[in-house]
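Novice: Take a look at the letters that make up each chain.
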Amino acid sequence: MVKYLIKYYLLLLIFFPGSLTPAQENNFLNKLDTSRKIARAQVVFNQIENAISSGNVSLLSNYLSSQTYLSLSNGIRGYYSSNQAFYILEDFFKIYNVTSFRFDNLNSAENTPYATGVYNYEYKGKRNSAQVYISLNKSAGGWKITQITIN
Amino acid sequence: MFFKKKLNLKGDRKYLAIVFFILILLLISTVVIPLIIDSRENNWEEYLTEEINKIEQEATEIYKKKEERLLSVKSELKKELLVVLSPPNTSYRNLIRLVNEERFSDYSVEVLAPNGRVIAWNEDVALRREEIFPLEYPLGQTYFHNTELMTYLSVVDTIVLENDNFYLALSLPIEKHYKLQNPYYIPVSLTNELNENFFTQFEIFYTPFVSASKDGRKFSFELLNNYNNKIGLVEFFKPTLASEINSIKQAGENFQVFLFILLILFSALWFKGKFRKLKFRSLRVLSLLIILVLIRVLFYSFVFPARFLEGDLVDPANFSSAFAGGIVKSPIEFFVTALFFLIISVYIFQNIFSYIKEKRRKNKTISIILISSFTIIFFLSIRAIAATVKSIIFDSAIRYFKEPDLIPDLPALSMNLNLLIFSLGSFLLLCGFILLIVFYFKSFFDYGEKKNFILLLILFEIAGLIFYFLQKQPLITPFLFILITGIIFLLSYYFYIKGKNVYNFIYALLAASVVSIILMNHFNLLLERNSLRTVSYEINRPNDNLIRFYIDETLKSAVRDDRIVNAFYKKNTNYDALAFLIWSNSSLQKESLQSSVSVFNSDKKLIGSFYVGIEKPQLSDEDFNNLNEDGFRIFVPAALKENYEQVFTGLTEVKGRDSVIGYISATIVYDFNLIGNKTFPDFLESGSNILSPVVDINELRIFEFTDSKVSRVYGDIYPSRDQVEPIWETQFSPDNDAWITLTINEEEYLAYLKRTYENDEEKITAILLREKQLTWNLFNFFKLFVIHSLFILIFLFLILISRLKDFSYTFRGQLLVAFLIISIIPVIVLALYNREVVQERARTAVINELNERLNYLENHILSQKEKHPNRDLITVFANAGDELGISFGAFENTEQIFNSKAQFYNSGFFKSKLNPQAYYSLNYLSYREYLTREKIENFSFNSFYKKINVNDHSFSISVNDAFNKVDIIYSTMDMDVFLFGIYSLAVIIIIFFSAVLANRISAPIRKLTKATASVAQGDLNVILENKEKGEIKDLINGFNRMTSELQKNQIDLAELERENAWKEMAKQVAHEIKNPLTPLKLAVQQLIASYREKSDKFDSVFEKVTQTILNQIENLSSIATEFSRFAKMPSLKLEVVNLQEVIKDTINLFIEEEVKIIFNSNTDSSLIEADNNQLRRMIINLVRNSIQADADEIKIDLNSTDNNFILTFTDNGKGIPPSDRDKIFEPGFTSKEKGMGIGLKLTKRFLEGINGNIVLQETSEKGTIFRITIPQLK
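Just so you know, the protein sequences line up as chains A and B, in that order.
Numbering of the first sequence is given in this note's numbering, commencing with residue 38 and proceeding in unit increments.
Numbering of the second sequence is given in this note's numbering, commencing with residue 20 and proceeding in unit increments.
Only chain B is shown next, with the shape it has when bound in the complex:
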């Protein structure tokens, strides 16, 4: 406060002070950072010790928190199990329910009976019975339980019930050793958690039998359990001085950039004050433009805000364009640029708007230049918008129309927001250009606003078509151009008619959204077409070299991995799991290749394998021959050569300390018929398979011709010679490709042709995509519109919130809310109901399909057993699965004894134990069938269980839609898009019409309210235009009659009052004058008598009488003064008032009048001392005078000088005739029929009463300007 007063930090100066302060901080930082670095260098050894201790301590804390969680859950569960297991409350149902509760879903829970049998478990079974007993660690102690795929932190404890000991085993997954490049994969890794928390690399050994590393670059510490026993070892690279200095520099740089950004922002705030004072609008626009461009460039140079962010928003894969050297190279950079662009656009638009409303004189030459310039700019801008939208589609990995969720993830959401911001900015600019063009067009032709717009629109559409044909590579079709131009003209006309209004932005946003989605859809179609070329690349990409590379990389990485090599030494290693581990961590999974990994022992016997998309591979003894000197070879396996087009197998030795301890092989298959990975389960699919996800493989048809004959076909169409005839007549480009259209079975297809030569044979690959149907385009439209409508509604909501004060209790507001409630609630209910119905139908379809499959299986199994009673059960199951093509599992009691996809279960990726709920339902509740949702990673699927009896032996069989996909015509997401797309459009239309209706219905009431307020302020000249019907018409007529009567009565009353006043005054004057007259008369008579009598006392009488006369004359003078004082104006009630507020408040009274009142102020504070009522009356008088002088625009400017406020009233009325100019402030002067001629006189008197004044500054046929001076409050 002291400093504020001392330094006079008022207004903009405070920003300057902050800027100065930041500059000092910046200077200090440049000194301090090198000092910190020096100090760190000098005390490095001490610091390193501290830092290592700190890392050890914090890393241990991270581990300990997990342990605490585990132990706390164990205690909680143990307590509740005690209740559930205690007689007489023992309930198996409650036991199963308890261990399968959602709160324990992160853990693996097993409850064992005193005899060691597992009696309850949840879906994730970490510990098998044989892994629990004998106990690895004492009861109650935590320890790491390792499998090939996962490490758990486990604890086993007892639940003591009378004489029985039940056991509880609880495990928390702590490290997943396999990785899947897949959206469903849930990473679990303590190692990664530590890596992310500290700027170094960690390695964790989940076994107590590892000693600390002897590598001096590393530091190791032990992981102790809750009984302080060693259960593992953590190893990390010690921080280096170089990396420490780098991180200090990085932190210092970030701090300085932060300060610099603050500096820029506060400088901008300081400049805002100066900027407002710029006289010319063009200068203000130019200044804002330069400043914002400069700030944007500075932000970009300092990598702000990207340097403070990580993840999807800064990922160039989500969007990156080379525009302006990378200023939009990521979604966040695009957002910042689009925001700046929007600010500039809004400012330019508003200034254009004001400009065209103000200016009247136009130079024809300038008009021609400007019309032609803006026309060219308009066309180029549309091309620029199209190019930007094209970039959003083509330079992004986001597939906007194929996002799996209704509300997409952050990158897609942010890019949609960017698109909307950019489109809104562009639309405002384009509307601004059209308004300017229309404005200048009026210099030549003026057929009225509407006709001018229509004429120009026609001219623009024609010119646009010419522009289209002039372009070498037009980006959009003529239809799209006509559509966009039409929408912009419509919007511009609306803005022109309605004038400035914040809701204009909502309309612009809606139009921008619709157009941008249409453009997105247009370019997406183009991308889909281009993707045909990508498909041809993909078909040719997996050549021998690449397949060999993947095999080489997979095998070499495997034999370098200590975990893999050490597994060969361990007892009880699950080699199927090991094969899955190698497969999942390699390119075989990342590239979603049809492939396998097999593990052999040193005797070349197959001991484990994992395979997907191909048969279980077998290697012969010969295949192990001819390994190179590194014990490695890649070859074409004889067993598979006949079945696939391209197949390679790699084989490598696994070397132990001094001998070969085993072999690993990997096989990759590539076959034209396997395109699309239909055999690949979704939960393993990486999403980057043979085709880019732009286009659905099922929509493609692929033909390959060798020497003009069909050699291969993909899809359900085998083309006839006639159908593909156009291919032979096609002219190929120098790159040996071409685009053509083919008609097959009366359907149009776009075809990309690629010509290659192999062994002197010409090979043509044709990739065909069916032309899109309208319904599909509508789907795409709604897919994005749902997201856009969310942003539009949020924007609308923000506007309403900002105007809540004006809005909440108004009649219009209440009407609008009522309309919205009545109309939106049923729409939402209907949408939710429809969604529910669709979901239920989809679910029923899945259940029916799965049920049908189970019935087929049951019948097949039973009929096999009937025909072949001696056939063993496993063969029966395998036959049923193979012959029916259905993958299923069979369980005996709780254990799986067969599965068609055994490799997934044998590896431990899927759990082999029967679903506990299914077990309970089928075995305890005796249900015949049981349907449930299960999960693998984050992939949910339906599992259907059924109990069957084979030879009086009970089994459970199960099918699911993870391996047996059930096709639904429209997925829930598809229906969501349609439903919510249509309903969100409906909601926006409802809001629009509700607003229009509420406005329309409430308009007369609002008019009447304002008029009543004006009357209350003393303005009786208000007359409302009446175009209404019914009661409202009568009400307005009544109001008009009332005001007219009031006005008449006021005049009559004033007249009567004046007359009465005069009468009273005359009476009083007569009475008062009479009083001194009598003594005067008597005195004069006495003087005359004395004179006639020649009295001796004449002198004394004269003296006395004259004195009396003088006294009475003085008396008369006093009476005159008193009367004069009585006739004076009432005294002023002075108070402190805010001039701006009074002006704003008063001009609101004229809101319904056909006059536009613009109020500008260059001052924040405008306190004066005045009579509030008289001040309002003064403003009403001046505005009313202007209206009565036919003005349709009044501008009120409030400026502050050193001691005064200058208020300028400028109107565009007919002005004051020269003969009247000198008389306007005289009482009784008026040029109006009903005027009393006291308004300006009273105004002048009021202003003089507060030491102000009013002068007529200028008047002509074009308008009048009054200049008012009012002293500021001291």
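Extracted from the complex, chain A is given alone in its bound form:
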């Protein structure tokens, strides 16, 4: 009897941690950032440039804010949570395969830093390019991306 009950107990304990760590709370993208020291906007743009040129959204995830404005050439447009923005960009980079990317204009002004560049990509065997605009905003947690436009 005792063994039987203990089995149940263990069973539920094994099962529940999953549902006790739900999506909204488990926002690892946001929590990763809490202890990070605020870097200069220039450094952040360099990291963003690396992330986009390698098509690796994970490198970008630290800078996604709770409400990031995305405007992409595949029709995505609006404010998205960091979770959404992460997967939306992941899908975008997968489909519009980056061939090269660099910022050609970078403004690290204290309040409204932004950078623009050209995103060269391959889509269905055809090479194309899109204009990129990324702006940052300083919050208590550090620099966060407020807008990514790839048109």
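Source of the hints: derived by calculation from the structure; they are not laboratory data.
Values in this document were obtained by computation on a predicted structure and should not be read as measured data.
Just to be clear, a hint being listed does not mean it is correct.
Straight-line alpha carbon distances no greater than 30 Å define the calculated DSS-like cross-link-like pairs of lysine-lysine that follow [claimed, not checked]: (1) A:K131 <-> B:K237; (2) B:K84 <-> B:K73; (3) B:K461 <-> B:K1175; (4) B:K268 <-> B:K73; (5) B:K291 <-> B:K1175; (6) B:K233 <-> B:K83; (7) A:K131 <-> B:K268; (8) B:K85 <-> A:K163; (9) A:K163 <-> B:K73; (10) B:K233 <-> A:K163; (11) B:K237 <-> B:K257; (12) B:K1175 <-> B:K1242; (13) A:K161 <-> B:K198; (14) B:K1263 <-> B:K1029; (15) B:K83 <-> A:K163; (16) B:K519 <-> B:K1048; (17) B:K237 <-> A:K163; (18) B:K728 <-> A:K175; (19) A:K131 <-> B:K257; (20) B:K233 <-> B:K84; (21) B:K249 <-> A:K163; (22) B:K575 <-> A:K161; (23) A:K161 <-> B:K268; (24) B:K84 <-> A:K163.
Given the coordinates of chain A, work out where chain B should sit on it, guided by the hints.
Specialist: Chain B alone, transformed into the frame defined by chain A:
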């Protein structure tokens, strides 16, 4: 069949065989795919040629199908026009009707009279008269007709009537060159169609004057018309080896994943058999849990089913959470996870249910541990549910409460389904926990079921409040917690009282729906509040840099576009259309910016423009100076600088082969007062304007303070110093923001404050949102409940269908159907009627408003003309529009001569020709007014036409609600939500009460039916409890009396029969015995006489007499044997019967008794050879014995061994006393008052008759177990 027999693929083994087969296929695929790749590499040149031919052929077919459609419609129309135009049947009404029929709505139709005048047309006019004549291509030949905005496939033909030639021009839109980021936009693109069909990129030139590309990477082929003349050229990138290999790999991977998924599913089916045989329930639950989690993880790893899907269901914009590394990163992934979760929850719930019904002994220490554990898990689970619902709201672009349609689109529908599945799973688990807690709670306090539940509920509510205050960031309010806990307790109590029933899931679903909608509404309010922060971002987002970026991007894209540049070389280019084309394909439209695009010729003269939300921009000659070396500049235009807060204009040269051939400029305006884009028409609005669509801009009030003084205000409230006093006392966060509540004009507002500094001045922006009212929350509730009720009704329908056999002809079923028909039909009729009334009222309101505007316009125009007879008409119209603030159009005959929104008509986006129906009604039928619905893209609007006379000259003027919005208090959709929300709730409540009533009314009849069946089976011990009133009470009493009389009569009859039988038997025995006795007596007398006489023949007499005596004794023995045989049981009628079915069928007889009979079987087939009637009697006997031993639960287990079936009857009755245990199978033994003591004896005899047996395995005060063995059918 042969293999099945040979390999013995019975039962679970067949799944194992399939698994093995799939494994072989998988192995083969790993070999075959590289071989295909090798072969493709080696034969690439040949394959490429074939592939290119194939693409050419298939692409041509796609085009040809469109051409065939066009020609077929032309023939059809031509034939019908011939009838309509032929005298004496000529009818202008029929002509207009014909060309405007719905079947031709995809085409542009123009009918021209022999003199070349257009006499009939439909709404989409592709070809103007001057574009038809002179003919571009011979009659009957198809060709591409190009405008700046659209390319049509056109054909012109004649309709010959006696001596007259009428003309028919028919055009099919084939390529739309402008794009709108807008829900109303209808894409039309042959290029996109080809791109989607083939894994390469196409470009189509809709002109015969383009030659094949010399680029070796591309392949070109000509598009020929129905007379094999070249009319266009298609160019596409040749497939590359790398992309081909990638696609083979992709296809191979998809195939392997498909096989792997099949492998997993068949392995699971195989395991199902093993899984059932696991002895311990806990092991079964654990195994199922592990297996399902493993399968889910495998599905996720193989991106299944997302890899086979495209579109909204896999779009992370619709939902994506980072939970468990992305296992719910899209709606479809969430669906799969929720489904697995539901399966696990249902299984755990059912096992908990069975567990608490079975177990009796409880260890107090374990009970304490479990109660505390489950209590904590319960609270954490509620938090987990809340967090998930929060994620559904916050991690999704779907605005669940703002969907424009009553039944939303696929993403919102799927997310609602996911929410419902997840909530149902959670509720079942939570109810399971409560049942367990109540169960263990009984170890300490047992005040009865109801009181235990109430006591625990109170304790939980108190503990919940403590838990609330312990949390750093509670997700829900204490009220919501109390509500949810209360609902779960209520549901658990209901389940506990009613026991296992499939309809429990409906109740759980209903409760889960209500709670999940309440939570959705709660978090949506939170999102709306958070959106105030987004609004503050948005207000600050369009800074100079961003505006410059948009201008730069727009202009650079335009001058890179060959279509735009080539338009400068063409004759008759519509530059307004060109400006619209540039605007629509740029961020200016995508971001719904108040903006304009202007086109200038090389002499810097404005030749075309398109503008929306701002005035028509003008550039001075100075503005063309100071272009940089690339011929480009962005500047603040002096003319607009004073009118707007932020305004930038960009200007670029358009360079031809060796010179500047023109200029293009773009202007963007940003102004605080333009927030909300009220000047932006809905059909152009991208939906991603200045505010995220979470909150309606009209509900917001925005104040901006510079150095503590109001500097700007948005909305209808100008705040007083006192009203905003709390703002100055607010403590701002490190991010310089804060949340406060303000009371303005006795209304509560939530305010988000953002502090910024500009030029050492402190600027505070306050975004205010009025606190929601109850009616609005009810609207939100019904908005989702309509959708949920659909799913609930579908689920209910599926249950009913699955139980149709039991349900259809029952009295209860008929009652339920009758109730539903009587109650639901009026509800539906009422809902539809109300909807109709509301729609009609909304329509009337629009008509009245538009009519009023037309009257104002007419009066204004006429009064102007009266006062200023010499003022030209166009100025009169313009003045009327400007002064009244009404946009309208004026037509002379069929052509538009004026429109307040000329830029939309000049560009060709709106058609300038008068609506044909309006033309016919006003000019031929002499109507004074005409109202109609028109469309631009998919946007429908009302147009109201009126005929006016100015200086004896007739004009038609028109207003519409596309440019002049008519506000209706409640839209049709709002009313639909309320109506269908309330009525769907009513329908569910009606179904619920109908089911309860039907159940209640039919219960005695069902009891009587079952009891009658039991009596028919020979069970006369049935006595029905009678709590009814009226005739039903008399009926049940009558039945009870009848059974009691029957039973008494049966006993008396049996007694009488026995007595008669004994008498008859005695008579027969006496008679039969007498027969041999006489010879015996005579023989003995003869022997005595012979002995006394000392006869010489004594020896022979002795011999003879003794022989006679022996014969007669033998005779007596035979008589005894015969009588013995006569007294034997009747012989068995053996037949093949399905043991499981007989058991299930028989225990149904006890369904109304106060006993719970659980039947479990571990075998699929249970065929035996037995007497069906006696088998049923045996089961009835055993069950009845248990009931009479006070059992309230009987468990019947059927197990299969090698040759036998083992049937175990376990009850929880008072057991058999030790003194009686040896006698139970003896005839005549009974412990019951009315028992005859033959039941178990007969059972034993019957079983022995079929080579089975019955033993008393165990008996005690806690119950009795009988074990029955029955041979399997060989």
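Novice: All hints are to be evaluated individually against the structure, with a verdict given for each.
Specialist: Going through the hints against the structure:
no.: 1; hint: A:K131 <-> B:K237; verdict: 25 Å, holds
no.: 2; hint: B:K84 <-> B:K73; verdict: 16 Å, holds
no.: 3; hint: B:K461 <-> B:K1175; verdict: 21 Å, holds
no.: 4; hint: B:K268 <-> B:K73; verdict: 21 Å, holds
no.: 5; hint: B:K291 <-> B:K1175; verdict: 27 Å, holds
no.: 6; hint: B:K233 <-> B:K83; verdict: 26 Å, holds
no.: 7; hint: A:K131 <-> B:K268; verdict: 16 Å, holds
no.: 8; hint: B:K85 <-> A:K163; verdict: 27 Å, holds
no.: 9; hint: A:K163 <-> B:K73; verdict: 20 Å, holds
no.: 10; hint: B:K233 <-> A:K163; verdict: 17 Å, holds
no.: 11; hint: B:K237 <-> B:K257; verdict: 5 Å, holds
no.: 12; hint: B:K1175 <-> B:K1242; verdict: 28 Å, holds
no.: 13; hint: A:K161 <-> B:K198; verdict: 21 Å, holds
no.: 14; hint: B:K1263 <-> B:K1029; verdict: 26 Å, holds
no.: 15; hint: B:K83 <-> A:K163; verdict: 26 Å, holds
no.: 16; hint: B:K519 <-> B:K1048; verdict: 29 Å, holds
no.: 17; hint: B:K237 <-> A:K163; verdict: 11 Å, holds
no.: 18; hint: B:K728 <-> A:K175; verdict: 26 Å, holds
no.: 19; hint: A:K131 <-> B:K257; verdict: 22 Å, holds
no.: 20; hint: B:K233 <-> B:K84; verdict: 29 Å, holds
no.: 21; hint: B:K249 <-> A:K163; verdict: 27 Å, holds
no.: 22; hint: B:K575 <-> A:K161; verdict: 24 Å, holds
no.: 23; hint: A:K161 <-> B:K268; verdict: 15 Å, holds
no.: 24; hint: B:K84 <-> A:K163; verdict: 27 Å, holds
Checked against the numbered hints given earlier, the structure satisfies every one of them.
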